[in-house]
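Once you have looked at the hints, place chain A with the ligand on chain V.
As a plain string of letters, each chain reads:
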Amino acid sequence: MKCIVCVNHVPDTEAKIKVGADGKYIDKTGINHILNPYDEFATEAILQLKEKNGGETIAITLGGDSHKETLRKALAMGVDKAVLLKDDSVRDSLSVAKALAEELKKHSPDFILFGKQSIDYYNEQIPGMVAAFLGVPSVTSVVKLTVEDKKVTCHREIEGGQEVVETTYPVVISAQKGLNEPRYPSLKGIMASKTKPITEVQPIAVAPAVETITMIKPQSKQSGKIVGADATAVPELVRLLHEEAKVI
Amino acid sequence: MKILAFAEQRDGKFKKSAFEVTQAAAGVATKLNAELITVVVGNSLDGILSDLGKYGANKIIAIQDARLDRYSTTAYAKVIGEIAQKEGAAIIFFSATQMGKDVAPRVAAKLNAGLASDCIAIRIEGSEVIATRPVYAGKTLIEVKINSPVKIFALRSNVFTATPKDGAQVIVENVKPELTDADFASKVIDVKVAEGRPDVTEANIVVSGGRGMKGPEHFQLIEKLADILGGAVGASRAVVDAGWRTHDEQVGQTGKTVSPTLYIACGISGAIQHIAGMSSSKFIVAINKDKDAPIFQLADYGIAGDLFEILPPLTEEFKKLLGK
Ligand SMILES: Cc1cc2nc3c(=O)[nH]c(=O)nc-3n(C[C@H](O)[C@H](O)[C@H](O)COP(=O)(O)OP(=O)(O)OC[C@H]3O[C@@H](n4cnc5c(N)ncnc54)[C@H](O)[C@@H]3O)c2cc1C
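So the sequence lines, in the order shown, correspond to chains V and A. According to the working numbering, the first sequence is numbered sequentially starting from 23. According to the working numbering, the second sequence is numbered sequentially starting from 148.
Excised from the complex, chain A in its bound form:
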């Protein structure tokens, strides 16, 4: 049996989630006694491919072409789907990133395969892969299995571990795709990168502010703390709707789903729709002056006090600890 893992790169760099998905797929391959093939799509990637060896890849299929330098839903779906067919893959893993969530459904349709999105755990039972995924805003979880011959799973970022080991030797097979203009029916013509801080979905630490921040000008308290910790800035919907922060920072049901190692919620009440987006964070810290705020039911640690008094010394204390 063959298992495919799609390792996403952008701008010639692997995403951390690419290592997570490779390692998770390698684990499944070992348990099912299957062969793991890691698929990479892009252009001029030879120099980085061996990095995947540290996460359990040994065979890599690199599909490279100048026109695949930038993402194209139609072209990427075509080349990934074709490789899966050619190899006769029984299981395919994607990351549930913006690229993974965009391309996986098209590949699934092509292969007539069931797809389990945004999985937060996978386990093997007999010869079956069972995936756990949150539903209803994380109010409950479901376990699913897939009954189609080809089974596809997309794994939530930051949930699965990626621990580098001594690099095993990787075998790279280069595949020159056959592509026509029609395969680029949709193509990315420009990428606008937000400067500075990491994205909330990718950061290890997210410092989020809510209506308790009282106004956009006070978000510099959040920004300073995030910068000391090398983290991202997040926001509740209340502050995005008020125009204090932009929507790309919104965490929650109608915002982004995040799973950082540490989530610091400042002046956020913890409405169910907010919790929907951050409950899979590994450690949650709440700072809220209302000791009965629902966020405390979820928080590992909290300070039930005024954030305006707490955030400046907290930033100082971290600065000291981190020697900055």
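So that you can see chain V by itself, here it is in the shape it has in the complex:
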């Protein structure tokens, strides 16, 4: 079984975000980057698929040289090898998906895992787009995955419940929190990751369709009213919600 995880290299969640000089993107100086948290669930999932079914695991990312750090993290968790689609240009989800799909075709994977979304742009688009380009089914926001013979059963989160989805592989799956507990890289894994191969590939160039015009710092809200410090403030709070905010 061949299992591929597509991973992204994103600013640490604690990072202070400053609008860059171009007014469209953030100023990346001094910002620490991490393996996208959702991609850790996806990485854990392909490691478990290999542990059960044998085969090979690959991590793929698209980005500049710094993305190798994130590939190393996946390798340290236990992924066999990695591919960097080396490209620093500005892309949107559609152009990333096209480049990933081109590369994925070369590998004929059985399972392609993604995190549900990247925590920088929250697009939630690439898994579905890649699946469409590959002509394979996709299941997003998956919290449970079982594979038996050729049958794949996923539980995906929906509003107020879960859908149980049946499909076959090759398939694209996006991992939601709850799918598993990602393992920490062991010391041995970290050492091994240093010698595992990262292949560099020139991805196909595709102009982005979605264009950022401006980045806007959200207006900082005026601090609200602290109505009181104990239960005596309760009637006033309810009055404000009813009469001033008119939300009750």
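A portion of the hints provided could be inaccurate.
[As the list claims (entries may be wrong)] With a straight-line Cα cutoff of 20 Å, these simulated EDC-like cross-link-like pairs (lysine to aspartate or glutamate) come out:
#, chain 1, residue 1, chain 2, residue 2
1, A, Lys471, A, Glu370
2, V, Lys247, A, Asp439
3, A, Lys466, V, Glu266
[Said to hold, decoys possible] Distance ranges between label pairs, derived from CB positions:
#, chain 1, residue 1, chain 2, residue 2, range
4, V, Glu91, A, Gly470, 53 to 61 Å
5, A, Lys160, V, Glu73, 38 to 46 Å
6, V, Asp171, A, Glu463, 35 to 43 Å
7, A, Ala341, V, Lys268, 23 to 31 Å
8, V, Thr168, A, Thr287, 37 to 45 Å
9, V, Ala229, A, Ala329, 27 to 35 Å
10, A, Asp337, V, Asp171, 16 to 24 Å
11, A, Lys149, V, Ser208, 54 to 62 Å
12, A, Thr287, V, Ala229, 19 to 27 Å
13, V, Lys268, A, Lys323, 45 to 53 Å
14, A, Asp158, V, Arg261, 23 to 31 Å
15, V, Ile212, A, Glu463, 52 to 60 Å
[Stated by the list, open to error] Covered by chain V, according to a simulated footprint, are these stretches of chain A (three or more residues, beta-carbon under 8 Å):
#, region
16, 203-213
17, 340-347
18, 357-368
19, 452-464
Note that these hints are calculated values from the structure, not bench results. Predicted model only: the values in this text are computed from it and were never measured. Glycine included, C-beta positions come from ideal geometry on N, C-alpha and C.
Positioned in the frame of chain V, the structure of chain A with the ligand alone reads:
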């Protein structure tokens, strides 16, 4: 020019977000002097279609088939994509619901269209639709436009208004889709519905608890308040990780994004990752004994005190107000 709005239904009922997306698309259609077509996919939906008229739909294309009764990513993407192509739609609107976020990317790939996800505002500038969307955990916003011939936007639930007006006459065109087994490469075989309270992403009111609740047994204080208000129960990651609540209630960067009219945060410090999921709530109330907790910087109203003393009388006071 034609604009399509996908109005999502489940179990023969429209989602509130379906009305929101219809009304928002109708607004854009008026401004761009375009024709709005509302697309509905499912089975046996004739009885509900006229509801969309109250939100500005006048032409509806209903794609109905017994096999579309339940959602299928592959089949829904196919029929929506085909209608968009046949009609020559220039703009397509989806709701950024779990269904919308699942199907829109596949439609976008089919139409080679740029997609702006999870938009919280749209405006027209000349002939261009400009969308605003939060990025970096809501720490900043971006404005985007789409340069491909077909442009797709997915709108965050609960952000756009859906106010019913006197129903206009709707024209329904029924389309019988051509579907084969291969189109159902993925299909929903069962839906497990959580009983009782509404989902955090759909509720008008969300009452959330954090580590300040001290233990799972105290969440009944949150549940009682939520039930009086007809709201949903939310949770911070700290309490989900501790196993006090399940992940489907988690609000935040690695949880759900919510935009209720009222968000009541109880014993939640207001970490950036939590704020990422709830900062677009219209009114925020914080109850926290630490008056310097970051959540107060975001809250419209707050009580800087012990939630165990405040929640029971607060529930009583709402009960009185609502005559329950
Ligand atoms: C990659 C990543 C993703 C994350 N994603 C999320 C996410 O999606 N959602 C999320 O919520 N967090 C997320 N977090 C975690 C986040 O950083 C915080 O740790 C978490 O939100 C804290 O939860 P809390 O506010 O309940 O707990 P705490 O920070 O411990 O706050 C508890 C609060 O309760 C107050 N309190 C205590 N006792 C009382 C009392 N008796 N009465 C009133 N107030 C009281 C305290 O003053 C304190 O402010 C993420 C973190 C990382 C690193």
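Do the hints match the structure? See the list:
no.: 1; hint: A:Lys471 - A:Glu370; result: holds, 16 Å
no.: 2; hint: V:Lys247 - A:Asp439; result: holds, 13 Å
no.: 3; hint: A:Lys466 - V:Glu266; result: holds, 19 Å
no.: 4; hint: V:Glu91 - A:Gly470: 53 to 61 Å; result: holds, 59 Å
no.: 5; hint: A:Lys160 - V:Glu73: 38 to 46 Å; result: holds, 43 Å
no.: 6; hint: V:Asp171 - A:Glu463: 35 to 43 Å; result: violated, 57 Å
no.: 7; hint: A:Ala341 - V:Lys268: 23 to 31 Å; result: holds, 30 Å
no.: 8; hint: V:Thr168 - A:Thr287: 37 to 45 Å; result: holds, 39 Å
no.: 9; hint: V:Ala229 - A:Ala329: 27 to 35 Å; result: holds, 32 Å
no.: 10; hint: A:Asp337 - V:Asp171: 16 to 24 Å; result: holds, 19 Å
no.: 11; hint: A:Lys149 - V:Ser208: 54 to 62 Å; result: holds, 57 Å
no.: 12; hint: A:Thr287 - V:Ala229: 19 to 27 Å; result: holds, 24 Å
no.: 13; hint: V:Lys268 - A:Lys323: 45 to 53 Å; result: holds, 47 Å
no.: 14; hint: A:Asp158 - V:Arg261: 23 to 31 Å; result: violated, 39 Å
no.: 15; hint: V:Ile212 - A:Glu463: 52 to 60 Å; result: holds, 56 Å
no.: 16; hint: 203-213; result: violated (count 0)
no.: 17; hint: 340-347; result: holds (count 4)
no.: 18; hint: 357-368; result: violated (count 0)
no.: 19; hint: 452-464; result: holds (count 7)
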